[in-house]
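S.K.: Here's the letter readout for the chains.
Number of protein chains: 2
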Amino acid sequence: METTATDTRFIINLALSAWETQLERFDKHLEKLTDQQLESEIAPGRNRGVYILGHLTAVNDNFFPLFGLGEKVHPPLQDLFIRTPDRTVPIPTTAELRQCWHDVNAKLTPALRNLTPEEWLGKHTSVSAEDFAKEPHRNKLNVLLNRTSHQAYHYGQIVLL
Amino acid sequence: METTATDTRFIINLALSAWETQLERFDKHLEKLTDQQLESEIAPGRNRGVYILGHLTAVNDNFFPLFGLGEKVHPPLQDLFIRTPDRTVPIPTTAELRQCWHDVNAKLTPALRNLTPEEWLGKHTSVSAEDFAKEPHRNKLNVLLNRTSHQAYHYGQIVLL
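Chains A and B supply the protein sequences, listed in that same order. Residue numbering for the first sequence follows the UniProt record's numbering, beginning at 1 and increasing consecutively. Residue numbering for the second sequence follows the UniProt record's numbering, beginning at 1 and increasing consecutively.
Where hints are given, some of them may not hold.
Okay, the calculated bits of chain A under chain B, using three or more residues with CB under 8 Å as the criterion [said to hold, decoys possible]:
(1) 8-22
(2) 36-50
(3) 142-150
I should point out that these hints are in silico values taken from the structure, not numbers from a laboratory. Note that CB positions come from ideal geometry on N, CA and C, so glycine has one too.
Given these sequences and hints, build the entire structure.
M.R.: See below:
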């Protein structure tokens, strides 16, 4: 049995499903947590749940420019939740962050589903054409695989709340 | 640009690298932890690090029968760390569990690298040929993608130690 171009689309869909499964699990757990629970630390002295929520929202929002899919939905989250540690600056309310999470994912999920296999295997915007020619694994699909692990990593933490 | 059979192998290698990255990160963190740290709870009242280590070792050991790659390396781990919750039965020493983790992964990593694209897209042993005909996504690659998330999930917990 030979593998074909059909397999490529099929495999990309497996990777997309694995990503969406992680989003859904996180989302489902989020619904079960009160704001107060979400505002507590995942373990003594560690990040608060609400910081992890903001962090994952910011990371997901960054898919838009990274994949050439348009502008970020909530640009200020980048500074607050990627470049700044928890409890150092004021952050939006928990209700606002829950809303940001939904806003970003509602736009991101269909945008990712619309990418073609050629686009998935093409470069993202933070690698130059020159580097990409030498390192073709630095494509969008690889980013998705790594982000799936990143999402699962933080899901493993938020379930402790 | 059309996608080809070459892409299939290439994409499977991306998924394998994502899996191996998670194994390596976990392993690296494990080296930094003393036995005493590993024997503490990841958060108050939650699993101990050593239970998570045993659990992931058991899950990885299960790849062998599931993928038709031979017998498990340490069969007793299945009962202790998959079917039994933490702190209910005596478990091996931490030194023994560290050794089991290395034994299993040392055998597993090359075995997974040796699978062909056709094998990755083929069924695993816990799905029947009849069900697989209807649900071709229940293949080995899909198991790997889900196990990568599972490994990352517990890595997110063990870093709290």
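S.K.: Decide, hint by hint, whether the structure agrees.
M.R.: Going through the hints against the structure:
Residues of the segment 8-22 of chain A with a Cβ under 8 Å from some Cβ of chain B number 12, which satisfies the need for three, so the listed coverage holds. Residues of the segment 36-50 of chain A with a Cβ under 8 Å from some Cβ of chain B number 4, which satisfies the need for three, so the listed coverage holds. As drawn, the segment 142-150 of chain A meets chain B at 6 residues by the rule of a beta-carbon pair under 8 Å; at three or more, the given contact holds.
Taken one by one, the earlier hints all hold for this structure without exception.
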